[in-house]
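Generate the whole structure from the sequences, applying the supplied hints.
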Amino acid sequence: MLCLVFFLGGCARGQAQSTIVCHQGETSSYGQIIAQALPSYTVIAEQEGHSVFAYLQEGNEVEAFAVQAIPALEHGLAGHWYPHYLATVVIAVDRDITDARIDGWSDLTAADDIIGYADHNQYNPFLLSAIAYGLEGAGFTLKKATGLLGQLHSEGRLALQGFDAPIVICYDYQAAALLKGGRNIEIIIPSEGTLTYQRGLLSGTELLFSGDIASLLLAAGFRLPDGRCDAALYPARADYKQAALVANHVHLNTVAQDVNHLFRRQVLHTRLYSSANGREHQFFVLLYMILVVVWTASALHRAMQNDVRRAVLATGVILLGWITLRLIKYQLAEALVLNRYLWYGFYLFQLALPLVLLWLAWVIDKPDAGAKPATWLRLMSAINGLLMALVLTNDLHNWAFRLDLSNPNWSHEYGYGIVFFSVTAAWSIQLIIAVTILIIKSRQAPRKGGLVLPLLFSALLILYAIGYIMRVPLAWDSDYTMVVGLFALLFMEVCMRSGVLPVNTKYARLFNHSPLNMQIIDGAGRPALASATAAQVDGAALQSALKSYPQPLEQDENTLLFATGITGGYALWREDISSINQLHAQIGESVRKLKLANALLAEEERIKRDLDEETAHIQLMTQLEQEIAG
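Using my numbering, read the sequence shown as starting at 1 and increasing by one per residue.
Calculated from the structure, these hints are not laboratory results. For clarity, every value in this text was computed on a predicted model and none was experimentally measured. Mixed in with the good hints, there may be bad ones.
As the list claims (entries may be wrong) - Only pairs whose alpha carbons sit at most 30 Å apart, straight line, appear in this in silico DSS-like list of lysine-lysine:
(1) K372 - K441
(2) K180 - K241
(3) K608 - K593
(4) K608 - K595
(5) K241 - K143
(6) K366 - K441
(7) K241 - K144
As the list claims (entries may be wrong) - Simulated DEER-style distance windows between Cβ atoms:
(8) E48 - K143: 24 to 34 Å
(9) Q257 - E413: 20 to 30 Å
(10) F421 - F283: 27 to 37 Å
(11) D556 - K608: 48 to 58 Å
(12) A616 - H584: 47 to 57 Å
(13) L73 - N398: 40 to 50 Å
Note that CB positions come from ideal geometry on N, CA and C, so glycine has one too.
This is the structure in structure tokens:
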């Protein structure tokens, strides 16, 4: 990405060798003076959002503050610095409009008048830093300064770029221009203190000025670096003792890094829930990318159907591609053509995302073998492709965005054309169709309440898009890319968890081929999943089994019924104990036979014992008779 930036910068350098960029407005004629002093150069107006350093990289000479010039010289971004005039931050009071007593910054809150904040770019740190210096001293932060302006804004008394206000916070050369233009302006150097900046030209090459540029600047109403000025336009030199020339540019530039988000949040009370400056943009992108990668990996692990896995992977790739394109865009200057086409490229991902969801809704009940997309789905893809082509060619017709590229602030001041509204209608309709298909296909789902969150997220996304188009502050100040991406992740996650979007369609096959007699039924008793051997259970048996759980209900001598409640219904299973009963009978018969055998053996033993006794008796008698006879 950096190589690309430097390549583009190198190209610009070769094309813009004789261009000087100056701030041009009603209160500054510096650009006109430079055009006279350097007639061979073309002077153009600076554009909002285009930094001094970006202009230098493109090969331009640029009007800058000394606090910008010093770092540029130190880091080799520029070779020459020409300080031409001083710019002290002051309070300009129009005495034809107000008689408010103003001596310093603290008096602004007590005044009842509108206070103009007249920096041409409200996010420049220089006016704010001068106020902070006056309120806090040399080691200033921006806390008190933003607090002061935030209070004025909350009271409805802060007018940005408001030179017509009765009281204006501005530079003294701007106040002198107002005074020179006929307004009764009193220039007040704040009693608490303020800052004086040097301004001039910052260049990569040596500049040869024609004529006496100092005389031209004095005649135009500027105050020179040595303090010389038109006494009729400026306060006395002694009054500037409260104005300190910036000495520590490192501290000011460090504090300036926080100007964007502090001004937006503490003063304007915007960007309260989104990133507000470049550092936060990049940090939020990092967190967002980590979230997308983790969710994609988790969803891929949970999903068993190949088509669901492909849809999850496609969603992750789209979200990561979209945010990467956005990150690259915000690293480039808005004036570059590439920056504009990167913006157009956002809509490639915005149109692809609902197509993925639509395809997922269509394919979830299809076999894994892979069904060909329906004709209507192909037609919607073709429509999105045509719309994307029209967006990318917007520079030719302005049908998507009505851009006035001659306006330096075109990137913020543009309108919408028929193609943009067609794009919005296309993805909204496709989202509604996808959700409708998911609802129809999940109507047999046991948890009917699971449809609430997907419907809610869909409605919120459409409302958010409408708010963004209408530039409602809460929506307009957010990061559209991240918000849509988060809505997409949340929508798919709640669909998975609620059963609207099944992440494993092999449960039915598992149940069907299971040798166990089991089933899951919903609250109405309708089977959701059942094995091939499962039989219908009547309501009375179900209630009896639920009451006796964890003990089984004996349906007959060979069958036990178990039942327990689960989310959305009941789980039932039967156990066939016929084999146990048969084994028990066999054991009983064996015991009976053993008892008979034992009895027979006992009788045999008795008979043998009786015979032995009789035999012994006979032998004894025979011996006795023999003894008597002998």
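Mind listing which of the numbered hints don't hold for this structure, in increasing order?
Of the numbered hints, all hold.
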